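Peer 1: If you want the building blocks of each chain, they are given just below.
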Amino acid sequence: MERRGFIKKGLQWAASLLGASFLAYPAFSFMTFRKATKKRIVFHPEDQAGAVTFKEGVYLIREPNEIFALSAQCTHLGCTLNYDAVSGRFACPCHGSVFTLSGKRISGPARKDLYRVPLTKTASGDIEAVLEVG
Amino acid sequence: MSFPGRIISRISLYLPRLGLSALILCLVSGLVLAFYYRPMGNVFQNVEEITTLVPYGWFFRQLHYSAGQVFVILMLLHTLDHFFRRRYRIYALGEWISLIVSLALCFYTLFTGFILKADQEGVFAGRIFMNIIETLPVAGGAIARLFIVPGNSFFFLPYLYHSFFLPLLIIYLMRGHIREWFPNERFLLSGGIGLSLYALFVSPRIDIPPDASVAVVEGPWFFLGIQSLLKVLPSFLAGLVIPGLFIGCILVLPAAGPALRALSFNERIIRIGETGLYCLLIISICLYAFLTLRAAIWGP
Ligand code: FES
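For the record, the sequence lines run as chains G and Y.
In this text, residue positions in the first sequence follow the numbering used here: the first is 872, and each later residue adds one.
In this text, residue positions in the second sequence follow the numbering used here: the first is 491, and each later residue adds one.
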C-alpha cells in the first residue's frame, strides 16, 4: 500500500513537472528571442583624416599601408576603450585591460584581442563599418 | 538592561521602521519620475532633462535616489543586526530565505536604478552585468537576455524590473515584515523631512555622457568589491560563483544545525558545523567590506 502511494506521488510529480516544462520552454524561447541586427557606421572622408577616429563604438585606424576598424568594446566585459594618443594604445577604464593599436591584448583581465570590424568603401569615398548587435 | 544594551535594542527597533518610511518615499518619488522618464531613445538626455529642465525634477531624482539608498542600507544593517546576534535561529527556513532573497532583490533594484541613469557608469555597469551572465555555461547568452539586451532597448528590461517586477516581488516577500514594522506618522515625518532636506541641499553628481573618455570608471558602491575581484579572477568566478556561494551559504544558515541533527551527528559536531559556517560568513563579509573600502579609498 505504502509503495503504491509512493509511486502515485512520484507519477504526479513527474506529470506536473512535464506540464510545467511544456509551458516553460516556449515561454523561455519567447522571452529570450532576439532578432540579429546590424548597425552601420559611416566614416565620411572628413572623419578619416586622423590616424585614429572614434565613432559610435568603432575605432577607425589609418596606418601607412592599411585602414582597418576595431570594435571599441573591451573583450573582457564590454566597456568602451579609450585611445591614449601618447602611448598609442587602447586602455579600458573598467578593469584596466590594455591593447595595442592593432588590437592585440597586452595586459589586464581581457583574454582575447579586439574584434576587427569589416569595412567597405563606397564610391563617394565613405568607409562603412558593419557592427553586429546582439 | 544596561545602558549600551538599551540603546542597541532601541536602534534595532528603529532601523526597520525608518527603512520602511524611506521605502514609501522611494515608491512615491519613483511614481512621479515615471511620468517623464522614458527607457527608449536618448535616455541620457531624458535624465538630463529631468535634472535640469523639468520643474522640481532634480528634487524628485535626488529624493528617489536617497530614499532608495537609505532603504537598502537600513535593511542591510537590520539584517546584519539579526545575523550578528545569531537571530536567524528563530526563523523558519522559508521565512529566512524569503527575507534574504528580498534583500538581494533590493540590491538588484538599486543596481538597475544605477543602469537607468544612462550615463557612462550606468551603461558600462549594464554591459558588465550582461557579459558576466553570458559566461554561464550552456544557456548564458539566452539567460542574459532575460535581464538585459544590447542595442536600442538596452534600458527597457532593467526599467521593467526596476519599476515593476522587483518592487512587487520585494513587497510580496516582505509582506509579513511590513505589517510588523509598518512605521507610524512620527517615523514617516522624520524620514520625510530628513530625505527631503538631503534632496534639497545635495545636488546630483554631474553625469558623464556615455561616449566620454574617462580614465577610470567605477561602479555602484556595493559592487566595488566585485569590480576589484573581476580584475584578478575569471569573470564567471568573480561575478557569479563567489557571490552565488556567499548568498547560498547565508540562505542555508538556519538549516545547518537541524540538517546535521537529522543526520544524527553528536551535539559537539553540530555546534562546530553551525558555528563554522557562521564564522566563514563573517570572514567573507569582513573581506568584502575591506575590498569595498579599499576600492572606495584608493580606487578600484
Ligand atoms: S571591461 Fe575592460 S577590462 Fe574589464
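Everything labelled a hint here was simulated from the structure, so no lab data went into it.
Some hints here could point you the wrong way.
[Said to hold, decoys possible] Result set (BS3-like, lysine-lysine): computed pairs, CA atoms no more than 30 Å apart in a straight line:
| hint | chain 1 | residue 1 | chain 2 | residue 2 |
| --- | --- | --- | --- | --- |
| 1 | Y | K721 | G | K992 |
| 2 | G | K983 | Y | K721 |
| 3 | Y | K721 | G | K926 |
| 4 | G | K906 | G | K926 |
| 5 | G | K975 | G | K910 |
Since the model is a prediction, treat every value here as computed from it, not as a measurement.
Peer 1: Which of the numbered hints are not met once you compare them with the structure shown?
Peer 2: Hint 1 alone not satisfied by this model.
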